[in-house]
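All chains, please: the whole structure from these sequences, using the hints.
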Amino acid sequence: MRAVWALMRRGHDLVVTAMAVVAGLALVWLMVAIVWSVGMRNLGMQPHAWLFTSTEYGVFYMTMLGAPWLVRRRGHVHIELVTATLPDGVRALVSRAVAAGCVVVCGYLAWRGYLLVQTNIARMDFDVRAYFYPRWLLTIAFPVSFGLMAVEFARFAVGRELMHTGQAGIHE
Amino acid sequence: TETLTAVHAFPSTLVYTQSFLEFVDAVNEAGDGVIRIDVRGGPEAIGSFQQADAVRDGVVDMAYTPGSFYAGALPEKDALVTSNRTAAEARENGGIDLINEIHEARMGVHYLGWFDSGVCYNLWTVNTPRLDDAGNLAMTDVRLRGNPVYNAFFTDYLGAQVIDLPTGEVFAGLERGVVNATGWTQIGLIDLRWNEFINYRIEPCFFSTDLGVIVNLERWNALSEEARAILRDVAIAHEISSAEAHRDRRDAEFEQLEAAGMTVVELEGEAAAEYLRGAREATWNRMRGLMEAQPLEADHFDRLIEHFYDFDRAGG
Amino acid sequence: MIWVEALAILLGTIAVLMALGMPVAIAFLAACILGAFLFMGGERGVTQMLNNGLGSLTSYALVPIPLFLLMGEVFFHTGLGNRMFATIDRLLGRLPGRLSYVTVLGGTGFATLSGSSMGSTALMGSLMVPEMNRRGYSQHMSLGPILGTGGLAIIIPPSALAVLLATLARVDIAALLIAGIIPGLLLAVFYMVTIFIQTRLDPSAAPAYEVAPIPLREKLFLVLRDVVPMVGLMVGIVLMMLGGLATPSEAAAFGALGVMVLAGAFRVLTLKALVASVTGALRVTLMAYLIVFGSATFSQLLAFTGASRGLIEWATSFDLAPVAMLLAMFAVLLVLGMFMEQISMMLLTVPIFFPLALHLGFDPVWFALIMLLALEISFTTPPFGLLLFVMKGVAPPSTTMRDIYMAAIPYILCSMLLVGLLILFPAIALWLPGR
Ligand code: NA
Ligand code: NA
Numbered sequence: 001m002r003a004v005w006a007l008m009r010r011g012h013d014l015v016v017t018a019m020a021v022v023a024g025l026a027l028v029w030l031m032v033a034i035v036w037s038v039g040m041r042n043l044g045m046q047p048h049a050w051l052f053t054s055t056e057y058g059v060f061y062m063t064m065l066g067a068p069w070l071v072r073r074r075g076h077v078h079i080e081l082v083t084a085t086l087p088d089g090v091r092a093l094v095s096r097a098v099a100a101g102c103v104v105v106c107g108y109l110a111w112r113g114y115l116l117v118q119t120n121i122a123r124m125d126f127d128v129r130a131y132f133y134p135r136w137l138l139t140i141a142f143p144v145s146f147g148l149m150a151v152e153f154a155r156f157a158v159g160r161e162l163m164h165t166g167q168a169g170i171h172e
Numbered sequence: 001t002e003t004l005t006a007v008h009a010f011p012s013t014l015v016y017t018q019s020f021l022e023f024v025d026a027v028n029e030a031g032d033g034v035i036r037i038d039v040r041g042g043p044e045a046i047g048s049f050q051q052a053d054a055v056r057d058g059v060v061d062m063a064y065t066p067g068s069f070y071a072g073a074l075p076e077k078d079a080l081v082t083s084n085r086t087a088a089e090a091r092e093n094g095g096i097d098l099i100n101e102i103h104e105a106r107m108g109v110h111y112l113g114w115f116d117s118g119v120c121y122n123l124w125t126v127n128t129p130r131l132d133d134a135g136n137l138a139m140t141d142v143r144l145r146g147n148p149v150y151n152a153f154f155t156d157y158l159g160a161q162v163i164d165l166p167t168g169e170v171f172a173g174l175e176r177g178v179v180n181a182t183g184w185t186q187i188g189l190i191d192l193r194w195n196e197f198i199n200y201r202i203e204p205c206f207f208s209t210d211l212g213v214i215v216n217l218e219r220w221n222a223l224s225e226e227a228r229a230i231l232r233d234v235a236i237a238h239e240i241s242s243a244e245a246h247r248d249r250r251d252a253e254f255e256q257l258e259a260a261g262m263t264v265v266e267l268e269g270e271a272a273a274e275y276l277r278g279a280r281e282a283t284w285n286r287m288r289g290l291m292e293a294q295p296l297e298a299d300h301f302d303r304l305i306e307h308f309y310d311f312d313r314a315g316g
Numbered sequence: 001m002i003w004v005e006a007l008a009i010l011l012g013t014i015a016v017l018m019a020l021g022m023p024v025a026i027a028f029l030a031a032c033i034l035g036a037f038l039f040m041g042g043e044r045g046v047t048q049m050l051n052n053g054l055g056s057l058t059s060y061a062l063v064p065i066p067l068f069l070l071m072g073e074v075f076f077h078t079g080l081g082n083r084m085f086a087t088i089d090r091l092l093g094r095l096p097g098r099l100s101y102v103t104v105l106g107g108t109g110f111a112t113l114s115g116s117s118m119g120s121t122a123l124m125g126s127l128m129v130p131e132m133n134r135r136g137y138s139q140h141m142s143l144g145p146i147l148g149t150g151g152l153a154i155i156i157p158p159s160a161l162a163v164l165l166a167t168l169a170r171v172d173i174a175a176l177l178i179a180g181i182i183p184g185l186l187l188a189v190f191y192m193v194t195i196f197i198q199t200r201l202d203p204s205a206a207p208a209y210e211v212a213p214i215p216l217r218e219k220l221f222l223v224l225r226d227v228v229p230m231v232g233l234m235v236g237i238v239l240m241m242l243g244g245l246a247t248p249s250e251a252a253a254f255g256a257l258g259v260m261v262l263a264g265a266f267r268v269l270t271l272k273a274l275v276a277s278v279t280g281a282l283r284v285t286l287m288a289y290l291i292v293f294g295s296a297t298f299s300q301l302l303a304f305t306g307a308s309r310g311l312i313e314w315a316t317s318f319d320l321a322p323v324a325m326l327l328a329m330f331a332v333l334l335v336l337g338m339f340m341e342q343i344s345m346m347l348l349t350v351p352i353f354f355p356l357a358l359h360l361g362f363d364p365v366w367f368a369l370i371m372l373l374a375l376e377i378s379f380t381t382p383p384f385g386l387l388l389f390v391m392k393g394v395a396p397p398s399t400t401m402r403d404i405y406m407a408a409i410p411y412i413l414c415s416m417l418l419v420g421l422l423i424l425f426p427a428i429a430l431w432l433p434g435r
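Protein chains in written order, with our numbering: chain A, 1 to 172; chain B, 1 to 316; chain C, 1 to 435.
None of these hints come from the bench; they were simulated from the model.
From the three backbone atoms N, C-alpha and C, an ideal C-beta is built for every residue, glycine too.
Among the hints, erroneous ones may be present.
According to the in silico footprint, chain B covers these stretches of chain C (three or more CB under 8 Å from chain B) [said to hold, decoys possible]:
| # | segment |
| --- | --- |
| 1 | 38–45 |
| 2 | 168–182 |
| 3 | 345–353 |
| 4 | 398–412 |
Listed below in structure tokens is the structure:
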């Protein structure tokens, strides 16, 4: 039982890290796509329309795919005001409660995102830019990303580590 | 009083939004005690491309938006894009009933009216347009600002080098020569100040604006017959008056632009007919392809063309 | 007064959650969910919120910022930035706080070309803060000038935001862009005066260490090797834009590529530095863009419920003297700016403010410039200015919220002073476009 749990955790960590790597590659792709397309244009060629479109979608995928990884790194800025003034025991309690609140928010958005994907598939929705791109290929990022973020926040709610340090200031 | 919430796809200061707000005022006056439209805002309230979905899902009851903003759900909107008729004519011959039928079937929204019709698009260029021996437009050396609505025409027919830029970047693009030509409606160039760089307008104009009011169908059906009648009557009247107002505005803007040095280049005879044929055929092909992928009624394609395009007027 | 309730509930929720320590982005999303349930018809509203978020994140306007970040991170991680600033440090000799001045000059130059406050803050922050930290500068000497010059990006042309404002308000675009030049440069001068005063009041804030005098020949060599290539890269990017080869947004990509090529030429482009750079740029981008997701959606909710429009109409409903009306409009922009992003604010306020400004007899170009300044200030005002968060992302981990707020305040006062001068002497803005 314990071994299965450990395996699941390793699997989850691997998925989150792999998504962050893809997000990093998407960032580099933004540079490549623009340089490529400006280069073609100035050589008198027609830049591929998908180069432009891919940068707009790239920003979205990058943000959603990298978000769970940033939760693990405590990279989402939060302000320590109340938590900094509390004694250790109470602070731990508040910190876990806030993390649990984040689990609820992200979990709910993951659920609504999942329903949105189903709607998009049922309605055959397209995102129309240079191409007709199936909308569900974009919205699928919501259940995946918010779902994994919920798991990462759950670690701060019940795990060994806390999200808040108790030092005043904006933290990451 | 029954109340419908509404949003509009363009900023409040834009001429097309002003036209919609006039319609809203007219409804609120005629519908006193029966029906009221409560405008919640423009793209700052719900993003332009999300408004049709918001109406579909019942988050708002009504939206004033180009059909092109929900092209993914309703490819038939290209019948309005390629139209050379006005709303009044399409209302008369049953075209608007047909497009409403398609809206109800595909999206669960009621198509209340096609406003601001009769405005078409021109090609606008910075440099003197070049014509080949047959009088056709030669598009080499032209860097044309594109847009999903007319890219099918620009690339497939004209073979121009199309550069996609968001509307907000076009000013900077023209200023620095990243693009030196753009398609745009007959009116609005002065508002965007693109006339500071543009020197030529190419005639004939092609396509049409496709701005319409859509209403959530459940909400529409739940309205009293009296409320529906008021909305319909005011919409039909506004279809006519908005088209007239834009015709006057267009004449005034053209005059202002020409007084400031804008030159009009007119394609002649067969070249002009070819140009218009290129615009509509490229777009119709796209529409037919998409309609086949999302089947509804097989004969809709021909019926749409019949209702929204007047071949006699186009000269073949 | 339904808008008051909506405003109180939405802003109250977000303030409480943030104070409790919920990550800013999640707090925005939580407030949005609550608002969707109360004002957008329940669960359908939450779906709409996701759709709106998708719309705001698939936007070309967001493309350049990660690339400016990447440019700064590569500069930093390959040691190229260090070399350049070490040389400038030596060349400037004993001037106290010299790197702060360099930041203002470099930041102003960069703002001039980029037009992006966030991009400019990101680049200067990732480039300068670690360097100045290492040289013993106190936080306010490094963070402040960067926050200040970041805002300059939207005042000095080219500026996409100025073009958008002019288009929405039907103000002469060229006139507004030109009107921003003198006030923008004046603001940069104020910033330098601020630094001068700060180094006088507290000499230890910018350590005045001894620098050995360098012979001229060596000076020339150092400049050629460490400064000219980097400055040349910047100049090259500006030329690309002026020559019409690339738009300002596209130039960011060439900046990032250019630094990599330069690092390759100096043989400092290691895989380790590259991975560290991408990771650093990604970290800040993700942090900022998830906030953009939440706050853009939140802005739309404020607009949809009528809460923000209610506030605007209430504040402008009093029959006051023109100057008092101007200050009321200015205050509304600052309050909205704490919670809303700039484009939504412009869409919302322009249709109400501009007719009013014309009615009061204000010059539209002058008024548009004041509005740009308010937008710029609201970007750096505590507690929720987005630039403050971007700065937190690029600054060393030991930097506290207090450090950043304290650093920002003198520079906000500079902008306020400029607004005061513009009210007293409109010619500061209007003289140049009038010629
Ligand atoms: Na600028
Ligand atoms: Na400032």
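These are the hints, each one checked on the structure:
Counting residues of the segment 38–45 of chain C whose beta-carbon sits less than 8 Å from any beta-carbon of chain B gives 4, enough to reach three: the coverage restraint holds. A stretch counts as covered by a chain when three or more of its residues have a beta carbon under 8 Å from one of that chain; for the segment 168–182 of chain C and chain B the count is 6, and the coverage holds. Counting residues of the segment 345–353 of chain C whose C-beta lies closer than 8 Å to any C-beta of chain B gives 4; at least three are required, and the coverage claim holds. With a threshold of 8 Å between beta carbons, the proposed coverage of the segment 398–412 of chain C by chain B is violated, since 0 of its residues qualify and at least three are required.
Hint 4 from the list above is the single one not met by this structure.
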